[in-house]
Amino acid sequence: QVQLVESGGGLVQPGGSLRLSCAASGSIFSNYYMAWYRQAPGKQRDLVAAITSGGTTNYADSVKGRFTISRDNAKSTLYLHMNNLKPEDTAVYYCYARYLSPYYWGQGTQVTVSA
Numbered sequence: 082q083v084q085l086v087e088s089g090g091g092l093v094q095p096g097g098s099l100r101l102s103c104a105a106s107g108s109i110f111s112n113y114y115m116a117w118y119r120q121a122p123g124k125q126r127d128l129v130a131a132i133t134s135g136g137t138t139n140y141a142d143s144v145k146g147r148f149t150i151s152r153d154n155a156k157s158t159l160y161l162h163m164n165n166l167k168p169e170d171t172a173v174y175y176c177y178a179r180y181l182s183p184y185y186w187g188q189g190t191q192v193t194v195s196a
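Counting in my numbering, the sequence shown runs from 82 upward without gaps.
FYI, nobody ran anything at the bench for these hints, they're computed from the structure. Be aware that one or more of the hints could be misleading.
What the hints assert, rightly or not - Derived pair list, reagent style EDC-like, types lysine to aspartate or glutamate, alpha-carbon separation capped at 16 Å: (1) K145 - D127; (2) K156 - D127; (3) K124 - D153; (4) K145 - E169.
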């Protein structure tokens with residue numbers, strides 16, 4: 082069983098930056114495939130960025146060059162550094178963890194990009 086707690090969301094102006102964090106507990110964090118998803122009102126939940134246990138990353142085309150996913154295994158924490166934020170980045174951002182079959186979601190953190 083893994084517990085995931087996101088933090089770092091908020092209101093930011095277009096062009097601004099935020100850093101999201103996801104603190105994990107309950108299992109061996111370094112073994113897990115980790116990802117960030119987001120869901121805007123009335124839309125499906127989509128993958129934003131992912132990082133494997135070995136550190137390989139991939140990104141949605143819409144965030145490439147602006148967002149960076151990273152992990153600190155010693156702190157059991159996943160990060161999402163978001164730069165040059167746009168209004169279309171507004172969504173609830175969810176942390177996701179998977180090891181073999183079981184997978185887990187955090188409760189989400191709201192990111193609002195608005196002037």
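Taking the hints in turn, this is what the structure says about them:
The suggested pairing of K145 with D127 holds, with an alpha-carbon distance near 14 Å, which does not exceed 16 Å. Restraint check: the Cα-Cα separation between K156 and D127 comes to about 26 Å, which exceeds 16 Å; the hinted pair is violated. In summary, the hint linking K124 to D153 is not supported, as the alpha carbons are separated by about 31 Å, beyond the 16 Å threshold. A C-alpha spacing of about 14 Å is found between K145 and E169, which places the hinted pair at or below 16 Å, so the restraint holds.
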